[in-house]
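Undergrad: Top line first, the protein sequences correspond to chains V and H.
Heads up: the first sequence at position 73 corresponds to 73 in my numbering, and the numbers run straight through without jumps.
Heads up: the second sequence at position 92 corresponds to 92 in my numbering, and the numbers run straight through without jumps.
Among the hints, a few may not be true.
[Claimed, not checked] DEER-style ranges, computed between Cβ atoms: (1) V/Thr60 / H/Gly45: 20 to 26 Å; (2) H/Gly126 / V/Ala104: 39 to 45 Å; (3) V/Ala104 / H/Cys21: 21 to 27 Å; (4) V/Ala148 / H/Pro37: 31 to 37 Å.
[Unchecked claim] Residues from chain H that keep clear of chain V, each with C-beta distances beyond 12 Å, as calculated: (5) Leu18; (6) Ala33; (7) Lys63; (8) Met79; (9) Asn86; (10) Thr103.
Read the hints as simulated data drawn from the structure, not as lab findings.
Note that the Cβ used here is the ideal one computed from N, Cα and C, for glycine as well.
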Amino acid sequence: MQNARDTFYVTLRDRLAAVNPARTIVLRGVTRPGVLVEENELASATVPVNAFCLQWTGLTVDAQGALPLVTMVCEIRYATDGDSGNGGMDRGRLLSGMDAELVAAVSASPQNTTKMNYVGAAGGSGLPPVAMATNVFWGDVVFGAAVANGERLERVATVEVFSYQEAGEL
Amino acid sequence: MGELRDVSIVAQRAADVLLRCGGGRKVLLRLPAPASPGDTTEQLGLAVPSFQDVALEPVVFRKARATMADGKAAKSELMVSATAVNAVVGSLGYSAANVLFATAFGVLIDEVLMEIESATESEVGGATYVYRLVLRAPLALMV
């Protein structure tokens, strides 16, 4: 399951970066594409704005087939205060822009990719990730209602991500 | 202009004296080391950063205005000398104090790591003389 999560995040990150290279965040002194997985970062009360924050929530496993089919729900939270130079009056437009970027990244064909194992690449080993035998595939993005929180506009979108649990995979 | 600068210096010195007299103590700000550029495994939680503790002094830690709600962790306040914060911001190369606090993993007080929930500042003449941090105790310590 973790390999499927990692693969989906890397794919989404690369696609979002291609759609809008200017959407970046600075995290621990490094500029990177404006997307992160909350559980992989330091716990913080700070809510990043103008970035996509992934949270893995739902999980179901269908063990009827030859390989168990894992369905995971990925919540993608994002928010914007608008541009301070515009007095925040463009926050609706900026949220709309983030909606469009997400649609472009998630719904771009193909909506699947080869599942990768990144464990061997950890710790600066220099080893590339290992391609696994099955694919990760996902549905279209489902948008929740936009919520106004003070001057901030927030939205939660969800994507269902599917993968097959391979033999020996944790 | 010169008067404003004088006023801000006086405010900073007065704040430092008040913090020292009001139970001034030292706490440690826990900062993660900078991330490795382009390291995907760090973004996947496979590599964890190292941390460094930086002393902040004088500060006043108080629970006098602590807010508690059922099922939620207690909150406390930490008043921090702007002189101390400015020294850390300058020496570690941060662009601003709010970046420093947003980057910090927490504040170590009596061996308890408390999360920074918000940071506000008080200023006079355009210069900050004290920072007020709202800290949240770990859920494990909830009673």
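Undergrad: For every hint, state whether the structure bears it out.
TA: Comparing the hints with the structure gives:
| no. | hint | in the structure |
| --- | --- | --- |
| 1 | V/Thr60 / H/Gly45: 20 to 26 Å | holds, 23 Å |
| 2 | H/Gly126 / V/Ala104: 39 to 45 Å | holds, 44 Å |
| 3 | V/Ala104 / H/Cys21: 21 to 27 Å | violated, 59 Å |
| 4 | V/Ala148 / H/Pro37: 31 to 37 Å | holds, 36 Å |
| 5 | Leu18 | holds, 27 Å |
| 6 | Ala33 | violated, 8 Å |
| 7 | Lys63 | holds, 18 Å |
| 8 | Met79 | holds, 19 Å |
| 9 | Asn86 | holds, 19 Å |
| 10 | Thr103 | violated, 6 Å |
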